[in-house]
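Engineer: As a plain string of letters, each chain reads:
2 protein chains.
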Amino acid sequence: MNNHLVIMAGGVGSRFWPMSTPERPKQFIDVLGCGRTLLQLTYDRFKGLVPDENVWVVTSAVYGDMVAEQLPMIPKKNILLEPCRRNTAPCIAYVSWRIKAQDPYANMVVTPSDHVVMDVPEFRRVIESALSFTLESDAIVTLGMKPSRPETGYGYIQADLSSASVRNNEIFRVDSFREKPDVATAKRYIQQNNYFWNAGIFIWSVSTIVNAFRVYQPAISEPFESLLKVYGTDGEQEAINQVYADCPSISVDYAIMEKAEEIFVHPADFGWSDLGTWGSLHEKSHKDLYNNVLIGGDIKVYETHNCIIHCTEEKRVVVQGLDGVIVAEKDDTLLICRLEEEQRIRTFSE
Amino acid sequence: MNNHLVIMAGGVGSRFWPMSTPERPKQFIDVLGCGRTLLQLTYDRFKGLVPDENVWVVTSAVYGDMVAEQLPMIPKKNILLEPCRRNTAPCIAYVSWRIKAQDPYANMVVTPSDHVVMDVPEFRRVIESALSFTLESDAIVTLGMKPSRPETGYGYIQADLSSASVRNNEIFRVDSFREKPDVATAKRYIQQNNYFWNAGIFIWSVSTIVNAFRVYQPAISEPFESLLKVYGTDGEQEAINQVYADCPSISVDYAIMEKAEEIFVHPADFGWSDLGTWGSLHEKSHKDLYNNVLIGGDIKVYETHNCIIHCTEEKRVVVQGLDGVIVAEKDDTLLICRLEEEQRIRTFSE
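Chain order of the listed sequences is E and C. Residue numbers for the first sequence follow our numbering, so the first one is 935 and each next one is one higher. Residue numbers for the second sequence follow our numbering, so the first one is 935 and each next one is one higher.
Keep in mind the hints are simulated off the structure, nothing from the lab. Treat the hints loosely; a few may be bogus.
A pair counts as met if it fits within one copy or between any two copies, since identical chains are not told apart.
Claimed, not checked - In the DSSO-like style, the derived pairs of lysine-lysine whose C-alpha atoms are separated by at most 30 Å in a straight line are:
1) Lys1080 x Lys1163
2) Lys1249 x Lys1264
3) Lys1011 x Lys1080
4) Lys1163 x Lys1221
5) Lys1221 x Lys1011
6) Lys981 x Lys1080
7) Lys981 x Lys1114
8) Lys1011 x Lys1218
9) Lys1221 x Lys1264
10) Lys1249 x Lys1234
11) Lys1011 x Lys1249
12) Lys1163 x Lys1010
13) Lys1114 x Lys1011
14) Lys1264 x Lys1121
15) Lys1234 x Lys1264
16) Lys1121 x Lys1011
17) Lys1234 x Lys1011
18) Lys1010 x Lys1234
19) Lys1163 x Lys1114
20) Lys1121 x Lys981
21) Lys1249 x Lys1114
22) Lys1221 x Lys1193
23) Lys1218 x Lys1193
24) Lys1010 x Lys1114
Values in this document were obtained by computation on a predicted structure and should not be read as measured data.
Between the sequences and the hints, there should be enough to build the whole structure, so can you do that?
Structural biologist: The structure is reproduced here in structure tokens:
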């Protein structure tokens, strides 16, 4: 098997404070209250598609132990540590060169660690379809989520549906990437049927992405190219620590996707959410009869509707008479905030 | 000085759950956020009126150490331990016989440990006035609070204002004790000027109260009379443990006040509250510009009005968009409840 999975797990999840903190961001938390963290759920989705020795996690140096603890089945050497945050392009370049050093024929999926997928069988079908395509081509494939609302918080991918379908009527050439739109533009996008949300999930062969970095981002490719003899040795971490900070901080979307030629989108509809807001967590979670999401601890509610209550396991919580409120409790912090004001939480946490 | 102070500190404060728990009831908590517990504030009010060696605390055996910790200045032997709860009459009988064994001329004030008084100088003036009266008479004096609203949660004392004033136009004979009234009756009471709230604060000489128990409650007086040789010795606790459970569980109001002849009321107005409800705590506490009471921890509020937020010192709390809500957090428990529904808290805690 040449399939490799790369899980990017370096985010800090500041919008979910105090549930998510810089010490333990949301990918390391059982956000859905199902007994598995978002990182573990991400790994679970790929079980059988990728052997454990081909699962890679790129994360901040401070989260390395947490990854090893939550995913004990993957080799420790597959946990790559970023000495500093440099957005997704250097992160993906590092792991791509690292994989290439070991398996030049690798076929890769790159995914965030903190998203949710409701329909896992459909997700797996789409991933397999995309992997088959990149196995036989130099394509860069991104998954495009079928939009269900004029969301202004996501970037959009414009597909060229009029072009001949490239594979099984499922994969299309990308016309353009569009940044987060205003409401009017988003409404126009979703009235057409060729705009999709950019989920940040990519499929490509390792030679394709490495070549793309060489062509479009020499400032990023050169340091990783220079370490060919170091990957997998005891000197790897120290060498990475020396070059990483000098990489430009740039997303893979800007660095590669918007520049490369052979870019494709695989539209998909598997109940995806980036869990970017408490509102999206509410939407994707199990709700009681009164539309409350109750996660963790021993929670009792009375005359309470449309709330999210998220607390640590040991906590006993009684809530009476709230409507549309987030109650989040962790360690030495308690947040109570109206759901419609959740965009202020980042300020509250400072 | 023959003045003695008796603080009754055996209550469990279940209405203030989870701030108040059976392990640490409200008298042992800094409820007002002023740096002193209600027990300590009760002691503070009598400073200078009663020497420390004449301060007595009667409490449940399990709270003895907490009393000693919070009032280190009083002799340990003055902390009397009830082996079980038997309401106020046996409690007062025990401490009265105990004091009499040591000081037959004692003049006593008996007070709950969990009330608040806003105007302490006026409180002290009233206590001194009552003590002067009982020093020279066999009177049983109870303080009667000038009612400010038709409260149905308190008992009322009907004073005989038409009778000749007994002392300084301040102390009057009691016509009758009235149990907690319904609203209509309470409204009638406060339209007249001779009904007062029964605050449960009593003043009498030790010989008066001991005689009253002998006359009206022989079942209570006899066991304590039988222990005259034991008080103050190493055998006291064991002897008390043997007789205490056999005492009838009865309040001093039923046992003595409603039966005895020489009962007087000292009307008073010193900003008293029994802190029997979260509402009364709200009323008596310092409030911010938006009528919020914020006690303990690091509490920040936004668009929040008419709330009580009470948490442990270490807690960081952010509250946005609440109105008229109690937020109480302690150890492993969090309560959020509308103020107008606070009577249900006892049920929530079960």
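Engineer: Tell me, which hint numbers fail for this structure?
Structural biologist: 1, 3, 4, 5, 7, 8, 11, 13, 14, 16, 17, 18, 19, 20, 21, 22, 23 and 24
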